[in-house]
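Enquirer: Sequence:
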Amino acid sequence: MLGYLKKKLRLFLNDGNVYPITTIVAASLYGLMYYYDKNYALINSKAQFVFLVSLYIILPILTYFILDFLLKHFYPKGSVRRFLLPLINMICFFAFIVVSIYGFQKLKLTLSLVLGVCLGVFLAKHIKKVVILQFILACLVLPKLVPNIYKEIVYSKKWMEQPDAIETVVFKKYPNVYVIQPDGYTSFSTFKDSIYNYDNSKFELFLKTEGFKTYDNYRSNYTSTLSSNSSMFSMKHHYYGNRTLGLNPRHNRRNEIVESNPVLRTFKHNNYKTFLMLQVPYLLSNRPAIDFDYCNFSLDEVSYISRGFSKQKELIEDTKLAIIENKASSNFFFIESMLPSHISTVYKASSSAKNERMKYLERIRLANLWLRELVSFITKEDPNGLIVIAADHGGYVGLNYTIESKTKVSNPLLKNSMFSSILAIKWPNNEEPKFDSELKTSVNLFRVLFSHLGEDESYLQNLQEDKSYIVIRKGAPTGVYEYINESGLAVFNNINE
Numbered sequence: 001m002l003g004y005l006k007k008k009l010r011l012f013l014n015d016g017n018v019y020p021i022t023t024i025v026a027a028s029l030y031g032l033m034y035y036y037d038k039n040y041a042l043i044n045s046k047a048q049f050v051f052l053v054s055l056y057i058i059l060p061i062l063t064y065f066i067l068d069f070l071l072k073h074f075y076p077k078g079s080v081r082r083f084l085l086p087l088i089n090m091i092c093f094f095a096f097i098v099v100s101i102y103g104f105q106k107l108k109l110t111l112s113l114v115l116g117v118c119l120g121v122f123l124a125k126h127i128k129k130v131v132i133l134q135f136i137l138a139c140l141v142l143p144k145l146v147p148n149i150y151k152e153i154v155y156s157k158k159w160m161e162q163p164d165a166i167e168t169v170v171f172k173k174y175p176n177v178y179v180i181q182p183d184g185y186t187s188f189s190t191f192k193d194s195i196y197n198y199d200n201s202k203f204e205l206f207l208k209t210e211g212f213k214t215y216d217n218y219r220s221n222y223t224s225t226l227s228s229n230s231s232m233f234s235m236k237h238h239y240y241g242n243r244t245l246g247l248n249p250r251h252n253r254r255n256e257i258v259e260s261n262p263v264l265r266t267f268k269h270n271n272y273k274t275f276l277m278l279q280v281p282y283l284l285s286n287r288p289a290i291d292f293d294y295c296n297f298s299l300d301e302v303s304y305i306s307r308g309f310s311k312q313k314e315l316i317e318d319t320k321l322a323i324i325e326n327k328a329s330s331n332f333f334f335i336e337s338m339l340p341s342h343i344s345t346v347y348k349a350s351s352s353a354k355n356e357r358m359k360y361l362e363r364i365r366l367a368n369l370w371l372r373e374l375v376s377f378i379t380k381e382d383p384n385g386l387i388v389i390a391a392d393h394g395g396y397v398g399l400n401y402t403i404e405s406k407t408k409v410s411n412p413l414l415k416n417s418m419f420s421s422i423l424a425i426k427w428p429n430n431e432e433p434k435f436d437s438e439l440k441t442s443v444n445l446f447r448v449l450f451s452h453l454g455e456d457e458s459y460l461q462n463l464q465e466d467k468s469y470i471v472i473r474k475g476a477p478t479g480v481y482e483y484i485n486e487s488g489l490a491v492f493n494n495i496n497e
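According to our numbering, numbering within the sequence shown proceeds without interruption in unit steps and concludes at 497.
Hints may be right or wrong, so weigh each one.
What the hints assert, rightly or not - Calculated pairs, SDA-like style, for lysine to any residue (alpha carbon to alpha carbon, straight line, at most 20 Å):
hint : residue 1 : residue 2
1    : Lys144    : Ala41
2    : Lys380    : Tyr304
3    : Lys273    : Lys144
4    : Lys354    : Ser341
For the record, the hints were derived by calculation from the structure and aren't laboratory data.
Turn these sequences into a full structure, and let the hints guide you.
Expert: Here it is as structure tokens:
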């Protein structure tokens, strides 16, 4: 086999033929595969695959043949044509690496163009050797990409299946349900600890004055927006992926949140209209099908290679309009804001626990303003609505940046900072269910709500474990660990042991 490959390579290097498609594919393939390796969870839809293959491979090939045709007919004796293929190869190679790492940044793309032109001319005689090196680079990425593709192929939604018939529960009460999710907003009790040390009593008092009941020890089961919400909308634990196939924390989370899921199906079974109201299209960045009846973003507004933060909408105004225009129906609103947001995700020169705390608390003040406005509007327009303010995870205050959470910590306050989340509920007519003490973690939020609306406590027999889980990569063997147990105590248990 090795001898056969060497023979083919020698033939390729010495036969004197030009291989435009092979040469261009070699230039583009590394950038394309690198982009998939680093951003798989953002670009795992079929539509994005078609778009990226068209951008990285088909467009350069068409460009080459068009330019080659023009040069052949208008400059038949010119020497430029022999440089065309090396130039396109090197320009594409460097430009697509820039796109894969930095996106469409003009300065970096300009520099890649200049570098590509210079090397295209300089290496024109050696372009076939360059092509071989480019294919080798692509092959180096392949082993990292294959597991992602494999997990995508074998992925199953079986874990979302309910242990009972809760999806067909018949509501006895039909209030409009508003679930407002302020990203990374920690609980009122956590604000009082030594890490946050912040007086948020004015906003807490505002909520109580508006008729809300707060649940101080509520927390998320998972550490990110996607992992937490996919569990919440499924009313089941996913443990960051199939335990037998390794870690798979992100690949299909957006699909599980905005496509058909147990929570949406339960509302629709009771003839509710469902609304997805977003400040930014973060939940739509991999272009999932949107099974909510209405979303204030359409996929036409979402870039094929966006991380979901490049476009913003007036969340409060969009929500107000949707509420006013849909008073004749029973409605479920999921309203997600990126305020206050957790601390910085990655290390920055200014990253420090002290600086990140100050920035987070400033965003809390801003979050309180928009929450006041939205809550006041809803209570005025819909005084009998069931309003839930529930964050997706904690604020991570106490860490320098959130990726530090991948390193094992023992401090219970730091663990709590990652998961502790605001939960405040305005029950219609102040009639909270007698079993609202079961509202401990996000995975059980909707099961408790549906038990209340259906006036059927039997569904509480299948509550999920109120445990919080995290992926650890440093300080212990890589794996998924239980970080907080059902009693709310800090622990460290590998779930696969």
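Enquirer: None of the hints should be skipped; say for each whether it holds.
Expert: Hint by hint, here is what the structure shows:
1. Between the alpha carbons of Lys144 and Ala41 the distance comes to roughly 14 Å, so the proposed pair stays at or under 20 Å and holds.
2. The straight-line distance between the Cα atoms of Lys380 and Tyr304 is roughly 39 Å, outside the 20 Å bound, and the hint therefore fails.
3. Restraint check: the Cα-Cα separation between Lys273 and Lys144 comes to about 42 Å, which exceeds 20 Å; the hinted pair is violated.
4. Using a Cα cut-off of 20 Å, the hinted pair Lys354 and Ser341 holds, with the two alpha carbons roughly 16 Å apart.
This entry does not satisfy hints 2, 3, going by the numbered hints stated previously.
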